[in-house]
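*Asks:* Sequence:
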Amino acid sequence: MMAPGIHIRDLCLRFGTRTLFRDLSFDIAAGQWVSLLGASGAGKTSLLRIIAGLAAPTRGSVVASDGLPVTTRLAWMGQKGLLYPWLNVRENVALGARLRGEKADNARVNELLEQVGLASCADERPAALSGGMRQRAALARTLYEDRPIVLMDEPFSALDTLTRTRIQTLAARLLTGRTVVLITHDPMEACRLSHRLLVLSPTGRIDDSHHLSGIPPRAPDDPALLASQAQLLQQLMRANG
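Mapping to UniProt numbering: the sequence shown position 190 is 190, numbers consecutive.
One thing to keep in mind: the hints can contain errors.
Claimed, not checked - Result set (SDA-like, lysine to any residue): computed pairs, CA atoms no more than 25 Å apart in a straight line: (1) K103 to L174; (2) K80 to E114; (3) K80 to L170; (4) K103 to P85; (5) K80 to P220; (6) K80 to T58; (7) K80 to R18.
Stated by the list, open to error - Simulated restraints on C-beta separations: (8) H7 to L99: 36 to 46 Å; (9) S25 to L99: 13 to 23 Å; (10) T19 to M237: 20 to 30 Å; (11) D23 to R173: 20 to 30 Å; (12) L99 to A55: 19 to 29 Å; (13) R59 to S120: 28 to 38 Å; (14) R18 to I215: 38 to 48 Å.
Simulated from the structure, these hints should not be mistaken for lab results.
For each residue, glycine too, the CB sits at the ideal point set by N, CA and C.
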């Protein structure tokens with residue numbers, strides 16, 4: 001699968017008299033993880049929704065590097081798995097096919113459940129799963145869609161530290177080669193998983209001055225990662241005054 005890059009040009013978003021961002025322009029490289037950070041209310045989710053085609057900017061454009069539409073080639077993974085409680089895990093993973101009126105590819109569903117460690121839970125309802133297991137099911141559903149672009153809005157934030165670390169590593173491995181945009185409030189998560197960091201300030205500007213070394217996912221105890229996390233935290237504090 002050839003994942004495209006994404007070009008954001010001159011985006012402006014206003015709500016009444018409030019301007020979230022103005023003349024916002026940046027590029028997301030093909031096949032890389034980019035983390036978007038910033039204070040609550042800075043407009044991160046609004047920006048992600050614009051990229052997804054779920055919201056319209058006041059002006060500006062979002063285009064793929066290959067000239068083809070972005071919105072028809074993406075999958076979304078949010079903070080909560082949003083699994084349908086009356087469907088079992090297998091049915092939730094193939095939900096997209098069901099909504100499109102397509103026959104589910106059960107062999108692919110089984111393969112993905114094996115990859116995320118849920119093969120033994122395929123017939124369970126979400127209520128029987130832990131939070132980490134539900135997010136693994138949501139990850140399998142995202143992978144089932146087989147899209148080259150994946151947008152993630154704090155997908156790991158509700159998990160305990162050990163579960164979060166495991167699922168971060170799993171997601172990084174299974175989404176290799178796709179163009180991923182991740183919203184997170186966690187500097188460690190951003191530095192661990194990303195090729196590039198973007199900090200959105202309350203004034204609607206993007207700061208991409210923080211440079212990461214090495215290839216993600218980085219080991220949680222890597223001294224370079226810990227130093228990078230500290231630098232990013234300082235950058236976030238500066239961005240928010």
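*Asks:* Now look at each hint and say whether the structure bears it out.
*Replies:* Status of the hints after comparison with the structure:
{"no.": "1", "hint": "K103 to L174", "in the structure": "holds (24 Å)"}
{"no.": "2", "hint": "K80 to E114", "in the structure": "holds (21 Å)"}
{"no.": "3", "hint": "K80 to L170", "in the structure": "holds (17 Å)"}
{"no.": "4", "hint": "K103 to P85", "in the structure": "holds (21 Å)"}
{"no.": "5", "hint": "K80 to P220", "in the structure": "holds (24 Å)"}
{"no.": "6", "hint": "K80 to T58", "in the structure": "violated (29 Å)"}
{"no.": "7", "hint": "K80 to R18", "in the structure": "violated (29 Å)"}
{"no.": "8", "hint": "H7 to L99: 36 to 46 Å", "in the structure": "violated (29 Å)"}
{"no.": "9", "hint": "S25 to L99: 13 to 23 Å", "in the structure": "violated (34 Å)"}
{"no.": "10", "hint": "T19 to M237: 20 to 30 Å", "in the structure": "holds (23 Å)"}
{"no.": "11", "hint": "D23 to R173: 20 to 30 Å", "in the structure": "violated (37 Å)"}
{"no.": "12", "hint": "L99 to A55: 19 to 29 Å", "in the structure": "holds (21 Å)"}
{"no.": "13", "hint": "R59 to S120: 28 to 38 Å", "in the structure": "violated (51 Å)"}
{"no.": "14", "hint": "R18 to I215: 38 to 48 Å", "in the structure": "holds (39 Å)"}
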